[in-house]
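Let chain A serve as the given structure and place chain B on it in line with the hints.
Heads up: the sequence lines are chains A and B, in that order. Position 63 of the first sequence, counting from 1, maps to 63 under the working numbering, and the rest follow consecutively. Position 124 of the second sequence, counting from 1, maps to 124 under the working numbering, and the rest follow consecutively.
Simulated from the structure, these hints should not be mistaken for laboratory data. Don't take every hint at face value.
Across the chosen pairs, the derived CB separations fall in these ranges [said to hold, decoys possible]:
(1) A:Leu21 <-> B:Leu114: 32 to 40 Å
(2) A:Pro63 <-> B:Val121: 40 to 48 Å
(3) B:Leu114 <-> A:Met1: 39 to 47 Å
(4) B:Glu70 <-> A:Val24: 44 to 52 Å
In silico SDA-like links for lysine to any residue, alpha-carbon gap of 20 Å or less [unchecked claim]:
(5) A:Lys133 <-> A:Met61
(6) A:Lys133 <-> B:Ala62
(7) A:Lys133 <-> B:Val46
(8) A:Lys133 <-> A:Ser66
(9) A:Lys133 <-> A:Pro63
(10) A:Lys133 <-> A:Glu74
(11) A:Lys133 <-> B:Leu66
(12) A:Lys133 <-> A:Met90
(13) A:Lys133 <-> B:Val61
(14) A:Lys133 <-> B:Ser21
(15) A:Lys133 <-> A:Val57
(16) A:Lys133 <-> A:Arg71
(17) A:Lys133 <-> A:Ser67
(18) A:Lys133 <-> A:Phe65
(19) A:Lys133 <-> A:Pro70
(20) A:Lys133 <-> A:Ala69
(21) A:Lys133 <-> B:Arg10
(22) A:Lys133 <-> B:Trp82
(23) A:Lys133 <-> B:Arg75
(24) A:Lys133 <-> B:Leu17
(25) A:Lys133 <-> B:Thr58
(26) A:Lys133 <-> A:Phe62
(27) A:Lys133 <-> A:Leu122
(28) A:Lys133 <-> B:Leu4
(29) A:Lys133 <-> B:Ala14
(30) A:Lys133 <-> B:Arg3
(31) A:Lys133 <-> B:Ala11
(32) A:Lys133 <-> B:Ser111
(33) A:Lys133 <-> B:Val78
(34) A:Lys133 <-> B:Met1
(35) A:Lys133 <-> A:Ile54
(36) A:Lys133 <-> B:Ile65
(37) A:Lys133 <-> B:Ala119
(38) A:Lys133 <-> A:Trp60
(39) A:Lys133 <-> B:Cys6
Note that the structure is predicted; figures quoted are calculated from it, not measured. The beta-carbon is built from N, C-alpha and C at its ideal position, and this holds for glycine as well.
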Amino acid sequence: MPTLTRWFLRSALVYLVVSLLIGVMLAAPHGPTLDVLSPVHIHLFMVGWITQMIFGVAYWMFPRFSSEAPRRSERLGSVTYVALNAGLVMRAIAEPMVTLRYATPWPAILVLSAVLQWLAALAFVVNTWARVKAR
Amino acid sequence: MPRLACWFIRASLAYLLAGFSLGAIMLALKATGHQGMAIRGLVPHVDFLLIGWTVQLTMGVAFWILPRLEGGVSRGAVAPAWLAFVLLNAGVLLVALASVQTLASAETMSSGRLVGRAAEVAAALAFAVHAWRRIRAASVDAQVR
Numbered sequence: 001m002p003t004l005t006r007w008f009l010r011s012a013l014v015y016l017v018v019s020l021l022i023g024v025m026l027a028a029p030h031g032p033t034l035d036v037l038s039p040v041h042i043h044l045f046m047v048g049w050i051t052q053m054i055f056g057v058a059y060w061m062f063p064r065f066s067s068e069a070p071r072r073s074e075r076l077g078s079v080t081y082v083a084l085n086a087g088l089v090m091r092a093i094a095e096p097m098v099t100l101r102y103a104t105p106w107p108a109i110l111v112l113s114a115v116l117q118w119l120a121a122l123a124f125v126v127n128t129w130a131r132v133k134a135r
Numbered sequence: 001m002p003r004l005a006c007w008f009i010r011a012s013l014a015y016l017l018a019g020f021s022l023g024a025i026m027l028a029l030k031a032t033g034h035q036g037m038a039i040r041g042l043v044p045h046v047d048f049l050l051i052g053w054t055v056q057l058t059m060g061v062a063f064w065i066l067p068r069l070e071g072g073v074s075r076g077a078v079a080p081a082w083l084a085f086v087l088l089n090a091g092v093l094l095v096a097l098a099s100v101q102t103l104a105s106a107e108t109m110s111s112g113r114l115v116g117r118a119a120e121v122a123a124a125l126a127f128a129v130h131a132w133r134r135i136r137a138a139s140v141d142a143q144v145r
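Bound-form chain B, shown alone:
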């Protein structure tokens, strides 16, 4: 498994645990009649599990197993994939931080969430740039060889 895939997958495991931890706390709060407090954790809970866990794991496994280029020796342009890793994690963390209402004014929090979401989109674009050439029929690789 390449090093970047390890980073993607281990980060996704960390988000899985963080998302489930938050979800467990929210469920316990709901059970004890604190529905209002529980709902505050919804945005980071969803972002941790949808983007941090599911999307990030998918990117990591895709980076690992998609067909290689140049006769099977290269994964192509790796820099955009690293950029995707950095942007995706920065985005998820920013969205989560911007959900903690006591950190700053509502306007600042709203801007933080917007920047976080934009970073997630940029991560998706960067990963698409990396993966595009690797998505091809197996016979193409055989022809190159």
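Looking at chain A on its own, in the form it has when it is part of the complex:
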């Protein structure tokens, strides 16, 4: 298993635990303020756990691009990992702060988190597209 896949998969497991813990907090009796964590709960699960797990396994198991570069670009793979996780963590903090109407710098951080997550998806698609090929 490539090193980058191990990073993807272990990070995914961390997000799974954290997202389910937030789910427990939301299910327990709580004040209305805590409801701002609802979108964070969903996105840590869907992006941090499911999508990240897919990214890691696809990077590892999809058909080789070539014998010289089996996983196509390792740099794009790393960009995917760093951008996805940086974007997701920034989002998990900035989105509740924006919802609670905290001012600068949270809106700017939220926009940056959106750009980073989008960049991660773009890097993954570019790196994976050419590995999806018919024999």
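Same frame as chain A, but now just chain B:
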């Protein structure tokens, strides 16, 4: 990788990018205080990522790696799997189009969304018809050989 798996997986990658693009726009709108506009993109955002990306990728990989039939030379009835591909993508696109409120009357949009969702169910059924026989113990294949 068989050709249909390529179609499924490449379409799922396209939906991944479309879903994340829409999500990024929604998040930026939320950050700039346009929460009302952001919420309009929610239905296609969820449909692109849940059905278009996750479900479609799963179908593509399943079509590729599930045990083959007839001693390992056949993937069985391929037509239902192609039908699933067409219906799933038509369904997702229809649901997304029906969410653009300015295209037609609210009633037409509602009907469009309903037809789109029905197409997604039909895609799931068609894929189940294809995959059912391929879900079996490995020893069955050895016995056939």
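**Study point:** Index of numbered hints that the structure contradicts, given in increasing order
**Key:** Violated: hints 2, 7, 12, 14, 32 and 37.
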